[in-house]
Amino acid sequence: MTETAAVPTSPPISDADPFAPEHLEHPEPLHRQLRQAGPVVRLSRYGVHALARYQEVYAALVDWQTFQSGAGVGLANFRHERPWRPPSLLLEADPPHHDAPRRVLRDILAPLTLRRLQETWQAVAEELVATVLAEHGREFDAFEALAAAFPLRVFPDAVGLGPHGRENLLPYGNMAFNAFGPRNALVEADAHRVGALSDWVNAQCAREALSEDGFGARIWAAAERGDLTHAQAPLVVRSLLTAGVDTTVHGLAAALYAFATHPQEWQRLRERPELARVAFDEAVRWQSPVQTFFRTATTDVDIAGTRISAGGKILMFLGSANRDPDRWADPDRFDLTRDPSGHVGFGMGIHQCVGQHVARLEAEALLSALARRVGQLELAGEPRRHLNNTLRSWSSLPVRVLPAS
Amino acid sequence: MVVHNLLPAMPRSSPTLSLRVRAKDVVADGVVSLALDHPDGVRLPDWTPGAHIDLVLPDGTTRQYSLCGDRWDPHSFRIAVLRESAGRGGSAYVHDRLMPGDGVSVGGVHNHFPLVPADRYLFIAGGIGITPLLPMIQQAELVGAEWELLYGGRARASMAFRADLTHAYGERVHIRPQDECGLLDLAAWLGEPLPGTKVYCCGPAPLLAAVQQACAHWPDHSLRTERFTAADQSEPARSTPFEVELRRTGRKVTVAPDVSVLHAVRRAGAEVLSSCEQGTCGTCLVPVLEGAPDHRDAVLADHERAAGDCMLPCVSRSHSDRLVLDL
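Taken in sequence, the protein lines are chains A and B. Residues in the first sequence are numbered consecutively from 12, following our numbering. Residues in the second sequence are numbered consecutively from 35, following our numbering.
Read the hints as simulated data drawn from the structure, not as lab findings. Keep in mind that this is a model prediction, so the values were computed, not measured. Backbone N, C-alpha and C define an ideal beta-carbon position, used for all residues, glycine too. Treat the hints with care, since some could be wrong.
[To be verified] A short, non-exhaustive set of chain A residues, derived as facing chain B with CB atoms under 10 Å:
#	residue
1	P106
2	T348
3	H354
[Unchecked claim] One-sided and incomplete, this derived list gives chain B residues near chain A with beta-carbon spacing under 10 Å:
#	residue
4	P148
5	S256
6	V306
Excised from the complex, chain B in its bound form:
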């Protein structure tokens, strides 16, 4: 008999999750998977298929990685990281230096690529783009939807989770390594629009563009692709203190890297109502008068983030040296 012990799960007071690498495994040529958990065993934030996390590496760089584990396990995240030779060193750090037992910071869970309900799905993955599709496939199975996976990659050995997928799902999975089969035959797969089918695609930009073109004659909203916005990718999370000014009282407070803006401004006497303290409920929203917030919540839409005139201080931080809040 499986016995679950209920662990207390209280709101966190720190701005980022400090997690630990529990396991690191090579899952394909050039791909490692990381299992992350909390050293105290507390629950991690809830997520849905298609979600990604901001991973802050010990060298200060931040990268987005899709969650590809099991959301029914609330105590661990799984991501898979491709070594990118053209990258800025984030993936090389994960491959060469990050070891089980090491700490990493995780800045928040976002989902720009949610799985919508449908009778039938066609999943198209290019290389490491398989990662967000893994939990989607699990979910499609669970709800009894029809689905197929078209999975392309440079070479068979470079395609992560290929064997697991074939083993678990058999003929639903179509493995198409480029060195054996050439480019994915999108015309064959997408030539005939299938009403009621949603196409989910994640992979390199040329694949996304080709799929977009091949789906041009499909009904509107049939195709969903993962998009990482430029803002998501470029700005590094700040690892140095910054100053927050409370405009109404004129008070100023320095926010250290390990303290949330919410707790810092409360300590300075501001009354800010909060609830989840994980950036998911939106209760603590405050207006920003000056400065550039570093949004780490899962509430604001892209255009609301871009406007920069409000933030969720329980998780969000600052890009600028100084933020002025209407508090």
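So here's chain A without its partners, still in its complex pose:
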């Protein structure tokens, strides 16, 4: 809406580096500071504006006209900087180019279309949980054994990947999500394998590399129908492989961590397994596996009195919005009686996570299988985070379980 604006004011300035190890490890104190500082904060270190309150983050997410994704959703501004790989046709695209890939993927990953996978995934989850309990006994690393193992077992099959090289999926995702941040040590650590990992992923996107009945084949079928171009199809498959693995792995880990530290909520889930869906979204709200994304202003824009110039980058703290006390009562509490609807952990608007129903289906299968077999779930040691510029992630989650009686 165009209006005569009041004289813009200068926003509070913070010299904090949100991508520094201490903030990636424990983002909440910085989030609190930024929310309290104001609706818009200038991050002097990177020359960008930041939004940390729910209302502004939500408004910026849905306003694709003013806050574009096509100039990159990381710190790099594609108007001036060359992207490290050909940009995503979904995440890093604006209408009209965004329309066709989004529509195709939305239909392939629609909730009713996924129903055909439910039974298979539930069976895999039951078997996985039974095997883990039989082989590891009462103590094991729930990150490796469950959170990482389950998506890696079901998702690549659903996409239609071949059996070889699947161990590249998590490292590729880790690299891609690091690349949205600054070129810090996390990015440098992967510099030597950018080429090899990218080559492997790109090779999997070809039609002949994909089985005949998976998501990947359906994307190629859409190209055959002319709903996409043949040049677009492999990049849309790449989006599945980039955004569909690490996110769900760390989302599931967030849910397991939440339950391991909230025994009462675990009992609640055991009594009412149908709460698994709400539980997963509450865990996504509480931990926000995707912590941040950037947008770029398409025009001079005033947010709560702060002028942001056209072309300026804006950092949206999804994790902070999901714990904004102005939106959520007792926001730091993981609480199954809460209605987490409206959280921005999957984003919002035209770029909202197109795979969210896949993630929920995976979570429902794993959590319900676990709830049937595990009576008590608790931490058996200090969980360890894995640092990533964008993802709130884990490297280990030691747990102790008591089988259900």
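Following the hints, put chain B in place on chain A, whose structure we already have.
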């Protein structure tokens, strides 16, 4: 300098959008265009070229109209309405009685006629069928695709947006009024299949049939036509309360016209996860055990709607007096 003020955009809690007629203009003989906006200035749902809205008129009738405005303006919808003498009164109401400042309800944005990527487009419009093609043309320009428009109508004066199109796009636009040129010369335009060209056609049924026939020897999927299904057109939106039963708890709740099913069942204690609350994300999908849902979402495919065994309660409602949900 243009300054945009960021307005808060929160999920709506009402089932339909209550919009206001901001402007009404005669754009051709028998055609008026309506600009619709929200009285509070909030964002309207996002849409893509080829999309239509369900317009619920104050007399209770529902009609589908293609959106023909600018999607970069999130605060207003534009539609164009032809007065149909054979119609059931919906268009007459718009022409004769609906005035700027009046309220109308909009039931949801659907797109069965999406623009797919192509190097070249041939747009064929018959009469008021020009409306969905307008944003497509804007988009083809934007991405630098080659395109031409073949636009037929009864008479020049009845052809909406004709002057604007000619003015903006010159020789790409071919205006062919029937009283001057006869029927569209489809054989000349479609006789030779053009690989890489997509043909988009919207207009009266005889035109669609003729274009379909003329494209029979084109590569598969070259032709895209607008289709309004019978279900889309026939059923009026219900304006009276209905009852929703939650099967698992046995609770019953009456859903008033101004309350969404989602909010009604939540008030009755059901826990339903939702996200966008605009019928676009699919998060709140619930199984329907009995009754006939009135689908108003943009997620379900036609066969899924027809099956009637699930619905998105954030926007969808009921045709029947009673719905039973698996909640």
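Status of each hint after checking the structure:
1. Satisfaction of the interface hint for A:P106 is found here, the shortest Cβ-Cβ separation to chain B being roughly 7 Å, below the 10 Å cut-off.
2. Look at A:T348: its Cβ gets to within about 9 Å of chain B, closer than 10 Å, so that hint holds up.
3. Given the 10 Å rule on beta carbons, the hint for A:H354 holds: about 8 Å separates it from the nearest Cβ of chain B.
4. Taken as an interface hint, B:P148 checks out: its beta carbon lies about 6 Å from the nearest beta carbon of chain A, inside 10 Å.
5. Interface hint status for B:S256: upheld, as the beta-carbon distance to the closest one in chain A is roughly 8 Å, under 10 Å.
6. Look at B:V306: its Cβ gets to within about 8 Å of chain A, closer than 10 Å, so that hint holds up.
Of the numbered hints given earlier, the model fails none.
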